[in-house]
Structures are given as C-alpha cells and as structure tokens.
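Fit chain B to the known structure of chain A by using the hints.
Heads up: the protein sequence lines correspond to chains A and B, in order. Position 293 (the first sequence) corresponds to 350 in this note's numbering; numbering is contiguous. Position 184 (the second sequence) corresponds to 637 in this note's numbering; numbering is contiguous.
FYI, nobody ran anything at the bench for these hints, they're computed from the structure. Just so you know, not all the hints are guaranteed correct.
In silico lysine-lysine, PhoX-like type, Cα no more than 20 Å apart, as pairs [claimed, not checked]:
hint	chain 1	residue 1	chain 2	residue 2
1	B	K580	A	K409
2	B	K455	B	K512
3	A	K583	B	K558
4	B	K603	B	K579
5	B	K657	B	K469
6	B	K520	A	K399
7	A	K399	B	K558
8	A	K582	B	K505
9	A	K575	A	K668
10	A	K232	A	K409
11	B	K617	B	K628
12	A	K583	B	K512
13	B	K562	A	K583
14	B	K527	B	K469
15	B	K633	A	K582
16	B	K580	A	K413
17	B	K580	B	K603
18	A	K575	B	K628
19	A	K413	B	K579
20	A	K399	B	K617
21	B	K657	A	K575
22	A	K668	A	K583
23	B	K469	A	K575
24	A	K409	B	K628
25	A	K72	A	K62
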Amino acid sequence: MKLLKFELLKTVRNKFIVFVVLALLIANGVTAFYLCKPEDDAATENYAEAVEDLLADTAKKYSTLENKDGFLGRYYTQIKDMYSALETDKEQKQVSGWGQYLCCGFVNLFLLTACAFCAAFTFRREKETGEMITLYSSANGRGNYVVIKLLSSLLIVLVFVLSFCASSLLGVFAKNGFAAFSGGGARIQDLKAFTYAPYEISVFRAFLLSVVYKIPVCAAFYAFCGCVAYLFDSGIVSLSFSAVLMYGSYYAMGRIYTNGNSFIKNSNLFAAMRSASLLGELRGTDIFGLCIPTYVFNAVFPALLAAVFAAVFALLHIKRAGIKIKLPKIKPKKQKDERSAKPLPLHGFELKKLTKSRITVVIIILLFAVRCVVSFVSPHFSSMDEMVYKYYCDKWQGPMTEKFDAEFLHEQRKVGTGYAISSGRDIDYSLLDEFGMDASDLEAYYRMRYDGLLLFREKIDRLRELRDRGIDVPILYDGGYKRFFNSGADIFLILAAVYICTYLFSYDFANRTHDIVKTTYNGGKKLFKTKLLTCITLSAVLYAAFTAVSAVSIFSYFGMMEPTAPLYTVPGFEFTGIMPLWAYLVLMILVRFAGVIMLCLFCCGLSLLLKNNLTSFTVSACLYVFPTFLLSGAEGRAAHCVDLSYMLDGSGFIQTAQSPILYAVSVFVCVMIPLILIIPHTVKIKDK
Amino acid sequence: MKLVIENVSKSYKQNKALSGFTLTMTPGIYALLGPNGSGKSTLMNIITDNLKADGGTIKFNGKDISKMGREYLKLLGYMPQYPGIYPQFSAEEYLYYMAALKGVKDPEKQIDSVLEEVELLDVRRKKTAYFSGGMKQRLALAQAVLGDPKILVLDEPTAGMDPKQRIAIRNYISKTAFDKIVIIATHVVSDIEYIAGNIVMLKKGVIVDNAPPAELLEKISGKVFRVNAKEEDVTEYQRKFKVTNISKEDTGGVSLRILSDTAPTENAVPVSPTLEDYYLHVFNESRSV
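The following block holds chain A by itself, in its conformation from the complex (with noise of 0.2 Å):
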C-alpha cells in the first residue's frame, strides 16, 4: 500500500499534469454546460406508436428480403423480443439537457486527452531521470513495481472517469437546474436521440452506464499512452503518438468510411466511448452467421486493449528487471559505411537531412501509401445517396428527352416525395445487393434512395434553367468534380507538408546545431531563405504528387464530365454565373497551391517560436485539423476564418456560395497569420 501511495503521489505533485487536467476538467465542464440545450431533448413523437411503427416496418422489410431462418430473420425476432419487453404505454416526460450530453464526443475528448498526458508524462518521467534503474535495483522494485505500476494507473483512471462525469454533471445542472430529474423516472426513450433504445432504463442510470463504461476504454488509452511512452522514451513523442491514434483514427477513418466498414469506426477508442453506440444503436454485424450488436464489439474492444497493453507493459518491466523470458534475438544491425561525400549547395544539404532521415522517409511515405489507398478505396465507400444519385446519372444519360420527363416523373411517385423512415413502403429494394449495403440497415437504405433522388432532381432542374438560359448541357454523371477538392483525405497532404516544414525548421534547435550553425558566415538569412524554399518546393511536390493520386483515382472511378460544362451543372455548387468546369479545377488547383504555400510558411514561423520539431508538429497538426473537426454548423463557418486548411479546400466558397466577405477574412486570416510568425523572425535575423 505504501508502494501505491508513493506511485499515486508521483501523479499528483506533477504540477504539470495537474494544471493539464484542471484546465480540461475545466474545459469539460464549460463544454457540457454549453451543449446541453434543453430544446433538442423532447421526443418529438409518441413512443408507442414509434416503436409501433417500427416494428411493423422492420418485419415487412425483413420479410421482403430474406427467409427467417437467415441472419436477418434472427436479427428480427431478437430485436422484436427487446422491444416487446418495453412498456410502451407508459407517459412520456420532459428531461432537459441529458440527450445531447449522452451523444456527445467532448466529454471523452478532453477525457481522453488528460488520459494521454497523464500516461505519456509519468511513465517516460522515470526512465529520463534514471529512476528507473534505482527501482529495479530495489529488492522491491522487480515484481511489485509492474503490480503497483498498473494499479496506480487503473485508480488515476477511475479518478479521472468520474471527476470528467461529475463536472460533467455540473455543466448539466448548471444549464438546466437539478429540475433535470423531475420525476426522478424519466426514461432513455424520453429523449429524442434515444427514441429507439432498446432497454428501458432511466436517464440517470443511463449515464451512470456510461460512466461505468468508460473505464475500461480509458483504461485501455492510459495503458496504452504509457507503453508508448515507456516504448519511446519522450512524454513529447508518445503523446503525439496517441493523439494520432485517438484523433486521426476518428478523424481520418471517420470521415473516408462515412457508411463504410463499421467494424473500422467502431474499433475506435473515441467513437467506442460514445453512449449512443453504447443505448441507442439497433444495428448488428453479421460475424460467421452470428448477429452480434455494435455495442457488444465497443464493449469488448476496449477491455481487450487494455488487457494487451497492460500485458506489453508487464512484459517489458519483467524483461528489463532481468526476469529471463524467451524473447526471438534481434541481431544487432552492421554499421555501413555511407557513399563518399561530396560538396552540395546549402538546399543540398537541407534535402540531405529529410532524405537521410529514416523516420521522415517512413513517415512521409506511409502518408503518401495511406493516401494513395484512401484514394482508391473510398470513391467504393462513398456516400451511399451519391451512388443512388450516380444510378440515375448512368441511367438516364444523354439528352433530356420526352421520355426521360415521363420515365422520371414515375420514379418520383415511385420512390414517395412524402418519405419518411417510417413510411417508405413503396421503394423497392434492388439497389441493396448493387450497393453491397449492409442489409440489417435499412433505414439507412431508404435514406440513400430518397437523398440520391433529391440530388438528381436538383441536377435536371439546374439542367432545365440552363436550357432555358440557352445552354444545353446533357445528362452525365458528375461527381468526380465535386469530390476532388472535397476530400477528407487533404489530411494527410496537411500532415506531410507540415512535418517536413516544422522538421527542416525545428530540429536544428532540438539537436543544439543550432548553437553552432547561428556562427557560421550563412547561417543567418541565407540558410532561412535555404530552409524555406527547401520546404515551399517539398510542400509543392508533395502538393502535385498527391493531387495526381487524387486526380486519377477520382476521375477513373467517377469519370470526367464534358469540361467545358458549366460548374452549375453539379448539384451542391451554388455558383450560378457561367463558370466552365475547366476553369474552377484550375482555379482550385492555384488556390490550394497558395494554401500550401501559407501552410509551410506557418509551420515554419511556429517551428522558429517553438523551437522544437515534435512539438511544432503536434501543435501545427492540431491547429490544421481541429477547428474543422471539431466545429460545425455555425461554429464551424467561424472557426474556418482561423483555419488553414479550410483555404486548401477553397472550393468551400464556390460550393456554398457563402459570404464573400467571411471568405476574403478567411484568407487574410491564412495570410497574415504566417506572416506575423515569419516576419518578427527574418527582422531579428541580422543583415551581416
């Protein structure tokens, strides 16, 4: 117990962690606060007559589609069973504030995050002050220290789940009053996210499960963070490391499999933790002929990582403690000797120290692997109304003919302009097995088929009023243009670019040349204007390689439509003058070159400020992606203003047609803000 004690004490007097963990409990609260609105919270509709419909519904699709001894007839009559177990009479209740809590992610990002810290900063502590060694040495340091070690982290853990849940709590009654738990009976199903849950329990022992199930997902994280911070040696390091992990798995996989490959989504840390996977989600996988829920799969992955790293973890103390274990020897590698040198101009040698660097080189190339295999395989996994929408493109193309207007008018009544999930009887289900859709979802399906239509009906309204303008432009498939520029993969080019930059900039700093490099004859202004062209030109070849990629996987999947059409052809763009489409992909194309340019010189001036290159990456990287992704809807229009990587994706202001003021403040915003970090630089540099 002593051992446990001074363990936890290491956490707590590390003023460094606690600050970090104060701000985001702090953060946490004012976030819960600030989304619990109250009027987003009332079930808009009768619950019985809801699940009523639903099941109704469910057994005429399901009995459509498949015999009921398959797998979707057992996934029937299970749901069945559940919801036949609810009292569906009972008298809905107003509750404030708690629906959007349960679905929302903050709570687990700043959660997580101070998971990520705590780990990433106590466990390297040990081994950078030579602590470690002291342990081991210690007759109680071999076996206890893994016990104790894993223990500590499981109570920082369970302190952590409930002090985020409680301010949590706080921000709830803060907003809403303790009025919240009138009637103290209110049930899941009372909030409108949670209409169709299908257990019937109170609000509050809905949260309570959620906090409960937090735990093995932070464990996990914690377990994680601290072998990758045991593994690395550097708080910096691992924590990036994790912050890939936790954000870029969400973010990036998020994004490219938006209808795609659940099992992807839902084996992510952060989405795991989401209390509506967790009470809501109806659907199932189908694994070996078995229905398993999603939320049997979120349940069971976290406490698995968590049991693999804290194994990896004891593993590697008890080997280091000099416990024998029969580990496969690694040979250590031959030392070779490198190529005869040669004298190089200075942007020589700058290219030399990327190239030379066999962490960049990795790095930059599994960026570029990993676009190139988003490249080819998402278009597959593209929203499914696009593939809907794509049908119709393909089946109606050519000229608009009387035929046409007749034969589209019928797939109008056919699919019901009156559609809601409930009520789409009519549509019929032949597109299921062309899409490979996931046949347990089949609401998700009916949305796809009437979304799609929607779409192609904008596009033959467009194509009308441009007959009418007396430009005839036929039917083609067009969606090849609007995902060119629109794709969630620029985040790898973003992570490209600004590694290079904040590496070329910062690692002299970090490696202490700099001391010496600054008292050479062109260290001054020459090797800064040296290492920014190095960048610029590495940024732009990076720019046009992974444009290419874009390009030809995007437009072999997609096609290229007739160029010289008019961009408002293409249903979303809201650009109505006579622009063709040549012109807005070249447009594009300069303007997101000029993104990448103030993108480097902006991980440069951070990279002169920080002075270290991991961190510049992380904070560089966070400021690139976070205020799209974590911001939507009107806060999101905002946080664009401040977000360079919104200027990559410059077709934002043609698409939208949105305010041309907000998006001349947005590009100012890009300019001037690497500028004022690159100016106070290159004026402190002297003239010698």
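Below, chain B alone, put in the same frame as chain A:
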C-alpha cells in the same frame, strides 16, 4: 590581430553574469578558468555574437564586431559545450555541410586534413549516430577549425575524451594557435596547464587573475606542502587547512597535500605547486572529500 573586450557587462534579471569585463587578446591561447556560474559561457556567447551584452564593446582590429556582421562570423570558429551533430550525416557530410555554411571554398583538402588531425579519417563515412561521445567532440572541434578561422572559441573541448585523445587534441590546438586567438573554457585544469599562454580566472563575472601559468604558479611557490599523517587525523587537518589531495601510503598512513602560508607541521615537506593548487587557492575550494 587584436581582439579587445572593453567593459563588457551582462545581467540575467538580478544576477550579474559579467561585470565590466575588460581584456585584450592577441594570437595565442587564452584559458578561461572559473567555477560554475562565473560567467565563462556568457563571455563566450557574447564573443561569438550569440548573446547581446548589456554594455561595453568588443572590437576586432579596431572594428566593433556588432557592426562587422557576416565579416566577423567569417573569422569565427565555435565549438559549444554540448555540440549538436546531425546523426543522419556521416562525418564527412557534416563537415561539407559546415563548410557550405561557412562559405569555405574548395573544402575537400581542408576536410581531409582536419579529419586526420582529429583522428577521424578512418570513420569519415560512418554515420555520426554511431559515434561515441569523444568522437562527436572531435568532430565538433574539426568543424570549428574548418575555414581557418582567426578566432577560435572552444567550450570544454576535451570533455568525454580518453587521455590519449586529450593529449592529441591539446597538441593540435596548440599547433593551430600560432596565428589565431584561441579562447578555451574548461574545468579540466591539466588541459590548459601546458598550452595556455594566458590564464584568465573568473569569479562572479569579474577577472580575478590574468597571467601566464608560470606567473600564477610563482604566486603560491612555497605554499604547498606534503604531510604524512595518521588516518584518524585527516579530519582535523581538513578542518584547519586547505587539503588539496589525500592519498593512502603503502606504510599504512596517509599523505596529504596542503595549501598553507606556513608549514602546517614540523615534518611538512614543501612541494612544487600545480595550477590545480592555484585554482583551489583562488577559489578557496578543497579537493578532498
């Protein structure tokens, strides 16, 4: 060739690192000696133009170095206390890079000769990531002398080297110093005892002594004694005198080296003083534990 430091001062908040420092240097080796916090590194940073002085001037051949700009940097070779070296470069590549930064024309010949002097010619194509601490120090010294700088500033140049390398580097520095102003900061007194033309002793940012080693040793001539004593009496001697060394004798007793104005005991034998004795004499420190 003359480097004149006039009335230079520098403070870090309340602490005065240098206070009215004045020194004139001509070609030769100048050793800066002093305890931690005496202002050695601050002075070196000011000389290398990495740090701005609060007051005073540094002039090279009558020109203010702050106004000379890049011309001054062309004259400078600097080896910091913890030199950073690119691990992904080989020794040769690193020197080519430094040569490009220093604007050295035709660096091939210089690099070969410098690598030979610092005994790294055999490993010229090895990545510096595989270098030992001593090898990195020697490579850092090699880059400092590249381009034949007129002012060579070396901060702890022999740290991490074995005795053989230490002597080799000491001799190399001595050899290159004929037409250069070499400024060495070190804690290892023996490194500069034989090669330094002048020893500048610093204490709290002020020069407490500045003279050739022989002149400094003369000041404590007849004040260093060897005393044979019993083991149990050592503590008493330490309390009364500055004991600079304690060694065990084969006979069972101990031999003490004592700094004292007068003979500490009747059987005390006067011995020749070393620079280390003088250092302890000035800074009032004892080497015994």
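Structure-based check of each hint:
For the hint linking K580 of chain B to K409 of chain A, the alpha-carbon distance of about 13 Å falls within 20 Å, and the restraint holds. Straight-line distance between C-alpha atoms of K455 of chain B and K512 of chain B comes to about 8 Å, which keeps the hinted pair within the 20 Å bound. Pair hint K583 of chain A plus K558 of chain B holds up; C-alpha atoms about 17 Å apart against a cutoff of 20 Å. Simply put, K603 of chain B and K579 of chain B have alpha-carbon atoms about 30 Å apart, too far for the 20 Å limit, and the pair is violated.
Proximity of K657 of chain B to K469 of chain B is assessed by CA-CA distance (about 7 Å); at most 20 Å being required, the pair is judged to hold. With a C-alpha separation of about 34 Å, the suggested pairing of K520 of chain B with K399 of chain A is violated against the 20 Å cut-off. Restraint check: the Cα-Cα separation between K399 of chain A and K558 of chain B comes to about 13 Å, which is no more than 20 Å; the hinted pair holds. At roughly 18 Å between alpha-carbon atoms, K582 of chain A and K505 of chain B fall within 20 Å of each other, so this suggested pair holds.
At most 20 Å may separate the alpha-carbon atoms for a hinted pair to count; K575 of chain A and K668 of chain A meet this at roughly 14 Å. For the suggested pair K232 of chain A and K409 of chain A, the alpha carbons sit about 57 Å apart, so the restraint of at most 20 Å is broken. For a cut-off of 20 Å, the pair hint linking K617 of chain B to K628 of chain B stands: about 17 Å separates their Cα positions. This hinted pair does not check out: K583 of chain A and K512 of chain B have alpha carbons roughly 25 Å apart, beyond 20 Å.
For the given pair, K562 of chain B sits about 25 Å from K583 of chain A by alpha-carbon distance, which is inconsistent with the 20 Å threshold. Only pairs whose Cα atoms come within 20 Å are accepted, and K527 of chain B paired with K469 of chain B is rejected, the gap being roughly 30 Å. A hinted pair counts as satisfied when its Cα atoms are at most 20 Å apart, and K633 of chain B with K582 of chain A does not qualify at roughly 27 Å. For a cut-off of 20 Å, the pair hint linking K580 of chain B to K413 of chain A stands: about 10 Å separates their Cα positions.
Only pairs whose Cα atoms come within 20 Å are accepted, and K580 of chain B paired with K603 of chain B is rejected, the gap being roughly 29 Å. Taking the CA atoms of K575 of chain A and K628 of chain B, the gap is about 27 Å. The hint is violated against a cut of 20 Å. Distance check on the hinted pair: K413 of chain A and K579 of chain B sit about 13 Å apart at the alpha-carbon level, within 20 Å; holds. Note on K399 of chain A and K617 of chain B: the hinted pairing is violated, with a Cα-Cα distance of about 31 Å set against a maximum of 20 Å.
About 27 Å separates the Cα atoms of K657 of chain B and K575 of chain A, which puts this hinted pair outside 20 Å; it is violated. Taking the CA atoms of K668 of chain A and K583 of chain A, the gap is near 19 Å; set against the 20 Å cutoff, the hint holds. A hinted pair counts as satisfied when its Cα atoms are at most 20 Å apart, and K469 of chain B with K575 of chain A does not qualify at roughly 25 Å. Simply put, K409 of chain A and K628 of chain B have alpha-carbon atoms about 34 Å apart, too far for the 20 Å limit, and the pair is violated.
For the suggested pair K72 of chain A and K62 of chain A, the alpha carbons sit about 17 Å apart, so the restraint of at most 20 Å is met.
Hint check: violations occur at hints 4, 6, 10, 12, 13, 14, 15, 17, 18, 20, 21, 23 and 24; the rest are consistent with the structure.
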